[in-house]
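Participant: All the letters of the sequence shown, read from the start, carry residue numbers 1 to 187 under this note's numbering.
Simulated from the structure, these hints should not be mistaken for lab results.
Any given hint might turn out to be false.
Here are the simulated lysine to any residue pairs, SDA-like style, with alpha carbons at most 20 Å apart [what the hints assert, rightly or not]:
1. 47 to 126
2. 156 to 166
3. 90 to 156
4. 34 to 143
5. 47 to 109
6. 34 to 80
7. 34 to 78
8. 54 to 123
9. 121 to 64
10. 90 to 30
11. 34 to 149
12. 72 to 128
13. 161 to 172
14. 72 to 121
15. 47 to 76
16. 47 to 132
17. 47 to 142
18. 90 to 38
19. 156 to 96
20. 72 to 130
21. 156 to 91
22. 156 to 87
Computed spacing ranges between beta-carbons, pair by pair [what the hints assert, rightly or not]:
23. 113 to 165: 41 to 51 Å
24. 33 to 136: 21 to 31 Å
25. 65 to 124: 19 to 29 Å
26. 129 to 95: 28 to 38 Å
27. 140 to 174: 43 to 53 Å
28. 133 to 30: 27 to 37 Å
29. 113 to 158: 29 to 39 Å
30. 96 to 37: 32 to 42 Å
31. 156 to 56: 17 to 27 Å
32. 149 to 181: 48 to 58 Å
33. 153 to 182: 42 to 52 Å
34. 162 to 132: 40 to 50 Å
35. 165 to 65: 29 to 39 Å
36. 136 to 173: 50 to 60 Å
Quantities reported herein were computed from a predicted structural model and do not represent experimental measurements.
Ideal Cβ positions, reconstructed from N, Cα and C, are used throughout, including at glycine.
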Amino acid sequence: MKFAPWMCLLLFAAMATAQTAQPAGVSSEWDVRKLLEGLDLLAQHLKPIIDQVKPEAWVAKGAPDAYVAQWKSAQAELRYLLSSSTALSKDPERLTLALDTYLRMQAMESTLGSLVEGIRKYQNPALADLAQSVVAENSNNRDRLSQYLTDLAAQKEQEFKVADREAQRCRGLLLNQPAPQRKTSRP
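Modelling step: build the complete structure from the supplied sequences, incorporating the hints.
Facilitator: Listed below in C-alpha cells is the structure:
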C-alpha cells in the first residue's frame with residue numbers, strides 16, 4: 001500500500017485535468033465573451049442617454065433633489081458594470097466575477113428605472129422612452145447572464161463535491177495503510 005499516496009495524487013491530477021473540459025450545461029468562454037460584448041454595447045447606448053439627463057435643471061422646476069443623487073448613481077453603476085464585465089471577460093470561470101457583473105447590471109437597471117420617471121416628467125418623455133427601450137433590449141443579455149451564473153454555480157458546486165469525495169477517499173486509503181514495520185537493529 002505504499003502506492004496509495006501516489007495513487008491519490010495521480011487520481012486527483014487526472015480529475016483536475018478532466019474538469020478543464022467544458023461541461024454541457026455551462027456556456028463556452030466564447031459565448032460568455034459575446035454576452036459581455038452585448039453588455040458593453042448596452043453601456044455604449046446608455047451612456048449618451050444618461051449624459052443628456054440634466055437633473056439639476058429639474059430641481060429648479062420643483063423636482064426632488066433625490067433625482068440628482070439617482071443620476072450620479074446611474075452614472076456610477078454604469079461604470080461599475082463596465083468594469084465588472086471587463087474583469088469577467090478576462091476570467092469567465094470566476095463565479096464571484098459573474099455574480100458581481102449580474103448584480104451590477106441589476107443595480108444599474110433599478111437605478112435607471114427610477115430615474116426614467118424623472119426624465120419623463122421633468123425633461124423629455126422621448127428620452128425616457130429611449131432609455132427604457134435600451135434597457136428592454138438588454139433583457140436577453142440579462143437572462144443569458146442569469147442562466148450562465150446558475151450553470152457556473154452548479155458546475156463549481158459539482159467540482160467541489162467531486163474534489164471533496166476524492167479527498168475523503170484518499171484520506172481513507174492513507175488511514176488504512178498498515179503501520180511501517182520497524183527494523184530492529186541487532187547489537
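Participant: Give a verdict on every hint.
Facilitator: Verification of the supplied hints:
| no. | hint | in the structure |
| --- | --- | --- |
| 1 | 47 to 126 | holds (16 Å) |
| 2 | 156 to 166 | holds (15 Å) |
| 3 | 90 to 156 | holds (18 Å) |
| 4 | 34 to 143 | holds (14 Å) |
| 5 | 47 to 109 | holds (13 Å) |
| 6 | 34 to 80 | holds (19 Å) |
| 7 | 34 to 78 | holds (19 Å) |
| 8 | 54 to 123 | holds (8 Å) |
| 9 | 121 to 64 | holds (12 Å) |
| 10 | 90 to 30 | holds (11 Å) |
| 11 | 34 to 149 | holds (15 Å) |
| 12 | 72 to 128 | holds (17 Å) |
| 13 | 161 to 172 | holds (16 Å) |
| 14 | 72 to 121 | holds (18 Å) |
| 15 | 47 to 76 | holds (11 Å) |
| 16 | 47 to 132 | holds (13 Å) |
| 17 | 47 to 142 | holds (18 Å) |
| 18 | 90 to 38 | holds (15 Å) |
| 19 | 156 to 96 | holds (11 Å) |
| 20 | 72 to 130 | holds (19 Å) |
| 21 | 156 to 91 | holds (14 Å) |
| 22 | 156 to 87 | holds (19 Å) |
| 23 | 113 to 165: 41 to 51 Å | holds (45 Å) |
| 24 | 33 to 136: 21 to 31 Å | holds (23 Å) |
| 25 | 65 to 124: 19 to 29 Å | holds (20 Å) |
| 26 | 129 to 95: 28 to 38 Å | holds (36 Å) |
| 27 | 140 to 174: 43 to 53 Å | holds (51 Å) |
| 28 | 133 to 30: 27 to 37 Å | holds (28 Å) |
| 29 | 113 to 158: 29 to 39 Å | holds (36 Å) |
| 30 | 96 to 37: 32 to 42 Å | violated (21 Å) |
| 31 | 156 to 56: 17 to 27 Å | violated (46 Å) |
| 32 | 149 to 181: 48 to 58 Å | holds (54 Å) |
| 33 | 153 to 182: 42 to 52 Å | holds (51 Å) |
| 34 | 162 to 132: 40 to 50 Å | holds (45 Å) |
| 35 | 165 to 65: 29 to 39 Å | violated (57 Å) |
| 36 | 136 to 173: 50 to 60 Å | holds (57 Å) |
Hints 30, 31 and 35 from the list above are not met by this structure, while the remaining hints are.
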